[in-house]
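Chains as they are written, first to last, in the numbering used here: chain A, 1 to 314; chain B, 315 to 620; chain C, 621 to 1013.
No incorrect hints appear here.
With a straight-line Cα cutoff of 30 Å, these simulated DSS-like cross-link-like pairs (lysine-lysine) come out: (1) C:Lys-779 - C:Lys-993; (2) A:Lys-128 - C:Lys-833; (3) C:Lys-1011 - A:Lys-128; (4) C:Lys-966 - C:Lys-945; (5) C:Lys-802 - B:Lys-581; (6) C:Lys-816 - B:Lys-581; (7) B:Lys-581 - C:Lys-782; (8) B:Lys-581 - C:Lys-777; (9) C:Lys-984 - C:Lys-910; (10) A:Lys-128 - B:Lys-581; (11) C:Lys-816 - C:Lys-802; (12) C:Lys-966 - C:Lys-1011; (13) B:Lys-581 - C:Lys-833; (14) C:Lys-1008 - A:Lys-128; (15) A:Lys-128 - C:Lys-816; (16) A:Lys-128 - C:Lys-802.
If you're looking for bench data, these hints aren't it; they were derived computationally from the structure.
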Amino acid sequence: MKKIAVLIALACLFPLAMHAMGQYFYIGFATRVLIYAMAAASLNLVLGYGGMVSFGHAAFFGAGAYIVGILAVEGVSSVWIAWPAAIAVAALAALIIGALSLRTRGVYFIMITLAFAQMMYYVFVSMKAYGGDDGLSLPTRSTPGFGIDLRNDFVWYYLVLALLAAVLYLLHRLLHARFGRVIGAIQENETRATAIGYPVYGYKLLCFVISGAIAGLAGALIANHTGYVSPSLLHWIQSGTLMIMVILGGVGRFWGGPVGAAVLLTLEEVFSGSPLLGDYALHWQLPVGVILLLVVLFAPQGIAGLVKKKSAFA
Amino acid sequence: MTGILFLEQSLNGLQFGLMLFLLAAGLTLVFGIMDMINLAHGSLYMIGAYLMASFVQATGSFWLALPLALVATALVGAALEVTLLRKLYERDHLTQVLATFALILITNEVVRLVWGPQSIMLNAPAGLTGPVELPGGMRYASYRLAIIAVGAAVAVLLYFLVTKTRVGMLVRAGASNREMATAMGVNIQRLFTAVFALGAALCALAGAMLGPIFAVQVGMGESILILAFVVIVIGGIGSIRGAFVGALLVGLVDTMGRALLPIAFAKMFSPQVASNLGPALSSILIYVLMAAVLVFRPQGLFPARG
Amino acid sequence: MRIKAIAVAACALAVAHLSSVQAANELKIGFLSTLSGPAGAIGIEIRDGFNLALKMNGGKLGGLPTEVVFADDTLNPELGKQLAERLLKRDRVNLMTGVVFSNVMLAVWPTIQAEKIFYIAPNSTPTRISGEGCTPYFMSASWPNEGYHEAAGHYAKSKGYKSAYLIAPNYPAGKDATSGFKRGFGGAISAEVYTKLNQLDYSAELAQIRAAKPAALYAFLPGGMGINFVKQFVAAGLSSEVPLVVPGFVSDQDIVRAVGEPMLGIFDTAHWAYDLDNDANRKFVAAFEKEFNRIPSVFAEQGYTTALVIDNAVRAVKGKIEDEKAFHKAVMGSPGRFKSPRGDWKFAHNGTPIQDYYLRVVAKDNKGRIVNKKIGTVMSAHVDFWAKECKMK
Chain A
1 MKKIAVLIAL ACLFPLAMHA MGQYFYIGFA TRVLIYAMAA ASLNLVLGYG GMVSFGHAAF
61 FGAGAYIVGI LAVEGVSSVW IAWPAAIAVA ALAALIIGAL SLRTRGVYFI MITLAFAQMM
121 YYVFVSMKAY GGDDGLSLPT RSTPGFGIDL RNDFVWYYLV LALLAAVLYL LHRLLHARFG
181 RVIGAIQENE TRATAIGYPV YGYKLLCFVI SGAIAGLAGA LIANHTGYVS PSLLHWIQSG
241 TLMIMVILGG VGRFWGGPVG AAVLLTLEEV FSGSPLLGDY ALHWQLPVGV ILLLVVLFAP
301 QGIAGLVKKK SAFA
Chain B
315 MTGILFLEQS LNGLQFGLML FLLAAGLTLV FGIMDMINLA HGSLYMIGAY LMASFVQATG
375 SFWLALPLAL VATALVGAAL EVTLLRKLYE RDHLTQVLAT FALILITNEV VRLVWGPQSI
435 MLNAPAGLTG PVELPGGMRY ASYRLAIIAV GAAVAVLLYF LVTKTRVGML VRAGASNREM
495 ATAMGVNIQR LFTAVFALGA ALCALAGAML GPIFAVQVGM GESILILAFV VIVIGGIGSI
555 RGAFVGALLV GLVDTMGRAL LPIAFAKMFS PQVASNLGPA LSSILIYVLM AAVLVFRPQG
615 LFPARG
Chain C
621 MRIKAIAVAA CALAVAHLSS VQAANELKIG FLSTLSGPAG AIGIEIRDGF NLALKMNGGK
681 LGGLPTEVVF ADDTLNPELG KQLAERLLKR DRVNLMTGVV FSNVMLAVWP TIQAEKIFYI
741 APNSTPTRIS GEGCTPYFMS ASWPNEGYHE AAGHYAKSKG YKSAYLIAPN YPAGKDATSG
801 FKRGFGGAIS AEVYTKLNQL DYSAELAQIR AAKPAALYAF LPGGMGINFV KQFVAAGLSS
861 EVPLVVPGFV SDQDIVRAVG EPMLGIFDTA HWAYDLDNDA NRKFVAAFEK EFNRIPSVFA
921 EQGYTTALVI DNAVRAVKGK IEDEKAFHKA VMGSPGRFKS PRGDWKFAHN GTPIQDYYLR
981 VVAKDNKGRI VNKKIGTVMS AHVDFWAKEC KMK
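Let's have the full structure, built from the sequences with the hints guiding it.
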């Protein structure tokens, strides 16, 4: 508990510190980290806790982003309409894709989630009315009303932080309730769980849909944050990036998603934009790749695993 | 659509499909025998193209550089297998996906460091830069015809290798039941390295032959890798015959889709939308095909596993 | 506990990379361009032209020590947007330039606009920004997007072609290309085909062209796309069957270096040619060849002139670029105050150049090197068609 309080305090103080130093750029950067933390946490739910290797998670992330983008361009920018719509569409996509994919297992599951994500990618590429390959610029950030202006970097940061906290709290409650225990049992031994009488397919599908919905919310946030959506948000490389975050942070560890997102994005920022590294900064993906490889081979529990030895499920 | 157009598009589809087959063959063997998802397969394709370009520059001859590039890439593949990939066979698929994804990042950057970020020049050999006259009066790029010839020849060779030779029999045994093959005394380790090296050489051949048509650039492997996976899923993991049929199917659907659909849509939509819709739809169609196979016949059209 | 330690360490690392507060008497230019991949050659040409002017001015523009921060968007609009944010908010550049491709330009423009930083275009000048969306913060030292294409259309008309078959990539500049050509040509269009941006294999499109047997083919495919298209066009045997007209982007040095002799005889249109007869051009060409050991292209001239425009304007406001009205006026007046390799030109009220467009042919010069030679003038003192949509004064 104390650790969480310290974390929250640090997170709240961060933008004020940046303001004091006149470094506004990093407030935006931190907001981006928070949004990807949410997306990675949603993947961790289905990958780490559910044991489902979904290689198409970016589809839900991107779909949520596109819903917000399309609605914004069509004149609907209210938070109360656009964001629930994004969540709903992402959840629906997860329902359909999950229902079909969960009939397969193992490597076929990986492949079919990949196939569906690529299908959705090409659907958005084909929509030339909404930019297609060129992407879509949003005219404005979503408006929540009540005189709150989300274009203010501070306000935006705190809103995203609050949403991330809410999502993490929800996940925490979920995982420590019956749902979490059943999912854990299914991941450990699916045959035994079926034998006991649990509706395994239903639980896995529910897990998949919840994860997709959260990814949709993260997508809505990223669309607002960058003010731009493009089909590359749904590409399998983006799915791979989210998986890297989860693995780096610790798959199956509660903080795996957020830690992994923070580490990867910070590494990217440090290596690629650093005046210290000069021209070598262009090759930032090399150290990231090496680190990832080492983690995968020698520290499969990720960074959060190195930190905490105990897991939620012994 | 006129006869000439249909013929030319069919040849294009055949050309693309045969090159896809080269990539898919190696991928399906590795997947089938070693049960390993290798995302870095596309990187071997890229390395093959880059090595080819360098050898052409060094020797001044396309045909001299080609075997050099194949051997060099096979060695790179073997080295990778012995040092790194061997550790992944026993691990779960997620680990394999992530480790080979990391390999993609690393190889992209290494290539960028060694050859620079610009795409490099690889030209068709002199003598194949112009058109050739086909029976019927139609002209077609002679180089593309050469690709079809090489692709078909390799397909025949592979078929011969896999079905008629002892090594091929070991490969098929390993693909259909690895434990049994080991129990029967096959030196699995050496077989795996050989299979991987062969796959790498096939990648290099595809990369070297396609280099003059595409561009030799960093990241060229990613786009074609995903199609190779589609091919082996449709064809059946571990089956060379499946890879062949799957590759031709995907190649033809992709090319016909890109060529025919915009013409069909041009009647209904603006040229910009029609040009966009056609290729996107043919891509969606390919993935729908893949998903359908996975749902209804997950072992693929020609399952290798007994 | 260790999570906190990691968090603190990360913060410290981030702090270590904070750039220093911007000095007021220094010029920091953000150069966001496409510097790698098949289209990278274009960005590199622009960069080299820009750097040449900078070097010839002793590393200063307008008398101020100048730092140019380069960023490579790799033709990815999303990455471009991120890099623009970093250049503007973290590196605090006070001027921006460099973008090659129009899809990147349109994606980063809202970000640049929000920061109220001046952008001087060395290449892409989309009609969406130069027309109705015009603002004093966007000025172009290259050409309006439709310029070359409209000129090519005029040329095709003068050759008496009965119809034209158009092919361009499916992105904003591709749309501008077909639109401009159609206006200049005024004749029948037999087909309008859009390819995927960065597409490299044109077998399908070439098969269609062969079957269509067009009276003339107009192809706008810049960078690596052009290299591959021209190579495959020749390989398919179409170069002897179909008359080809192209804008200068598809026939200049980056493509000539890759394709070579098969390109001889291609006609194209551009705002500059290698052998333009004026002192500034001779000086530019000689300096470029000496510095980089290769022949400059239109892109190099654009980069060079952009730097000189900035130099002249900053000098005119005595370094006070924060005075936005004065700086804008200074930029708009700059072409009249220095000699550019392209000859005489000036800005229209929407910030795009009013200049001549020449007909060129790919031929060998007296040293046997392949260049684009000027044959004639297709449009004189041409004004951007969309300038009339711009309601600025």
